[in-house]
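Colleague: Chain by chain, the residues:
2 protein chains.
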Amino acid sequence: MHHLGADAIERAWQILDQIPGRATGAYSHSQGIKGLRDTIAAGIEARDGFPADPNDIFLTDGASPAVHMMMQLLIRSEKDGILCPIPQYPLYSASIALHGGTLVPYYLDEATGWGLEVSELKKQLEDTKSKGITPRAVVVINPGNPTGQVLAEDNQRGIVEFCKQEGLILLADEVYQENVYVPEKKFHSFKKVARSMGYGEKDVSIVSFQSVSKGYYGECGKRGGYMEVTGFGPEIREQIYKVASVNLCSNISGQILASLVMSPPKVGDESYESYYAEKDGILSSLMRRAKTLEDAFNNLEGVTCNKAEGAMYLFPCIRLPEKAIKAAEAAKTAPDNFYCRRLLNATGIVFVPGSGFGQIPGTWHFRCTILPQEDKIPAVVSRLTEFHKSFMEEFRD
Amino acid sequence: MHHLGADAIERAWQILDQIPGRATGAYSHSQGIKGLRDTIAAGIEARDGFPADPNDIFLTDGASPAVHMMMQLLIRSEKDGILCPIPQYPLYSASIALHGGTLVPYYLDEATGWGLEVSELKKQLEDTKSKGITPRAVVVINPGNPTGQVLAEDNQRGIVEFCKQEGLILLADEVYQENVYVPEKKFHSFKKVARSMGYGEKDVSIVSFQSVSKGYYGECGKRGGYMEVTGFGPEIREQIYKVASVNLCSNISGQILASLVMSPPKVGDESYESYYAEKDGILSSLMRRAKTLEDAFNNLEGVTCNKAEGAMYLFPCIRLPEKAIKAAEAAKTAPDNFYCRRLLNATGIVFVPGSGFGQIPGTWHFRCTILPQEDKIPAVVSRLTEFHKSFMEEFRD
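Chains as they are written, first to last, in full-length UniProt numbering: chain Y, 1 to 397; chain X, 1 to 397.
Calculated directly from the structure, the hints in this document are not laboratory data.
Warning: the hint list may mix true and false statements.
Said to hold, decoys possible - Derived BS3-like pairs: lysine-lysine, alpha-carbon spacing no greater than 25 Å straight-line:
1) X:LYS376 / X:LYS389
2) X:LYS307 / X:LYS186
3) X:LYS332 / Y:LYS242
4) Y:LYS79 / X:LYS79
5) Y:LYS164 / Y:LYS202
6) Y:LYS332 / X:LYS131
7) X:LYS389 / X:LYS279
8) X:LYS376 / X:LYS291
9) Y:LYS279 / Y:LYS192
As the list claims (entries may be wrong) - Derived list of chain Y stretches under chain X, where covered just means 3 residues or more per stretch with a C-beta under 8 Å from a C-beta of chain X:
10) 18-28
11) 56-64
12) 88-102
13) 213-223
14) 251-258
15) 383-397
Positions of the beta carbon are idealized from the N, C-alpha and C atoms, including for glycine.
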């Protein structure tokens, strides 16, 4: 049983007052309830130190429908290209395929902690143009999924500059903004970075995606999220609104949660201490889990794993013995698939093969979440280690 | 304050037991929680008297995303045609346009109470084929939106037969299934009609859309709904599942509501009497409102209105004086738009112009919902009547 603080009760009344009819059962404005968008805009301002406009906010049933909406608007035919990181969260490849566009891969550099090199973006952009494909937008996932890196601010500046110069829309997947686990890195929204460079509405178009499914809240079943759309003229804004209105509105409970995520209790509020303790407890635990798993991977023969800086994943590289690659071939499956399937059958542990996210041809990876309960992690590590040893014994060249 | 019946409390526990982790905060299976799909399938069986398979149910954030999903799967290019009623709920025209297909109109016959003539379907189908367009599916909205008619069962049989013979998928928008207001008509699902004709899985493909936003419940802000997908082979089923999984899952509260809509309290349950009283109260009130508005429209000069058989709308035809049509032209707007705008400014009453739904060229209509509070209807009628008189005086030829 929770004791509800006076601030929580007051907040509930405030939210009810913001909803016409004081109930969650009616359709809302297609961008979401205005009062909730005000709260979110204020939250963005508090986070970034730059103004945010509630009319730039589109509340959605999680971040995925927001991504689809933008892809629908950006892609006219297979001649339109969207630059996507490889490895990438497969929502992007799926959405680009569904809307008939072309995914233009740019590779994250594993050797520099899954760094995002602007030179690589430029190279792929030129290559794309030479094929007669029109680049429309760049997807950046920060913190990274499945790669777990957090971009450095000067790297972000380079990306913003690149988008500005090339006239590309920056689709910023920032759903893991609360999930940063290393003291030397901090989350900066791309909009904040652009504004701090002196770039305003007219200079660069940025869409930031946020969700209630990640962070320390993780309320993914509620399907709440929003996108903040900046740097578009009124005509395009009208088209975005038109597409948003086709499905009438996103679910009201999810809308409310999205507003709460962007306006947590403040110092001095009755709920603050218990809120902070819970948030800190969850995030520190995720940090410890990430570190334990990272170390465990780096102790496995043939496995190397970058630092778990953020998000909820590790994406270690595994050098598989030639014999294992041959065995996978015989089993008509990819080597990373083969390894993960063997692991699943032997231990019940689920890793997602790197093939699902994309990887440099000839390299093999898998994605591991840091979400198992903390007290179960040691057992996971020992089962994994044991499995890996016997797998390597079996297939050693 | 409501007293919760023992059955309601038991139901809440049952639902919690059906959800892994007993909480609504986690992602579910991409088709929706299995236990809830079981409940929905049982509800369909009870409604139709024919078996329903929980694996045929895809829970969605309202009916709109389900319609988009099917359009996405059916439309490959502008050479693919979807037969749509005119007038139609504009979700269909929007979805077909967004997915790059061709809307093939078939006209509902206003003279026979917005009847759906199979001869008209055949005519439009032939016309479409002759233009090199491949017809893929037929949309039928029953009860009708914006037209408010309820199809007769033998008419439905003709439509099923047509779809079977032509190999067309029947997209059955059945979201108003609880909204039938005349004793001589009854809602029959297209699947029930097909099964009662002896047609099974292999004979005809039917997708039935249902929502928590209509009926006597009207919980549209919750974004709950489902589609029941029958008559497709395993390969196509897999593709539907793939598209459903791109957005992970629909919101869990909406999923729960969808299961409740399809399994209301039964005779003997403690809640039954209060449930029935509330349901009956709402539906009888809607019936009275529909009748009052229908009569009011038929009393207006130049206006004729079909019987309000179902759904939540009336779609009267208005013969506008030549002078009004000229005035609309001068104001650079459609005549029905002109009338509705005048009405809005003079009275605050909102009608949606027929142009938004499609109508036979040269005819003019508007859609009026039957949703204003019952005690406000007489005032609405008298303001409308007064406005209409003065409008006709002003523009009489």
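Colleague: All the hints need checking, so say for each whether the structure fits it.
Modeller: Results for each hint:
1. X:LYS376 / X:LYS389: 20 Å, holds
2. X:LYS307 / X:LYS186: This hinted pair holds, its Cα atoms lying about 15 Å apart.
3. X:LYS332 / Y:LYS242: 22 Å, holds
4. Y:LYS79 / X:LYS79: 19 Å, holds
5. Y:LYS164 / Y:LYS202: 10 Å, holds
6. Y:LYS332 / X:LYS131: Measuring from Cα to Cα gives roughly 45 Å; hence the hint is violated.
7. X:LYS389 / X:LYS279: The hint is violated at about 37 Å.
8. X:LYS376 / X:LYS291: With Cα atoms ~14 Å apart, X:LYS376 and X:LYS291 stay inside 25 Å; holds.
9. Y:LYS279 / Y:LYS192: Since the Cα atoms of Y:LYS279 and Y:LYS192 sit roughly 24 Å apart, the hinted pair holds (cutoff 25 Å).
10. 18-28: Since 6 is at least three, the answer is holds.
11. 56-64: Holds: 3 residues of the stretch 56-64 of chain Y have a Cβ under 8 Å from chain X.
12. 88-102: holds (count 5)
13. 213-223: holds (count 7)
14. 251-258: Three-residue rule met by the stretch 251-258 of chain Y, so holds; n is 4.
15. 383-397: Since 0 is below three, the answer is violated.
Checked against the numbered hints listed earlier, the structure breaks hints 6, 7, 15; every other hint is satisfied.
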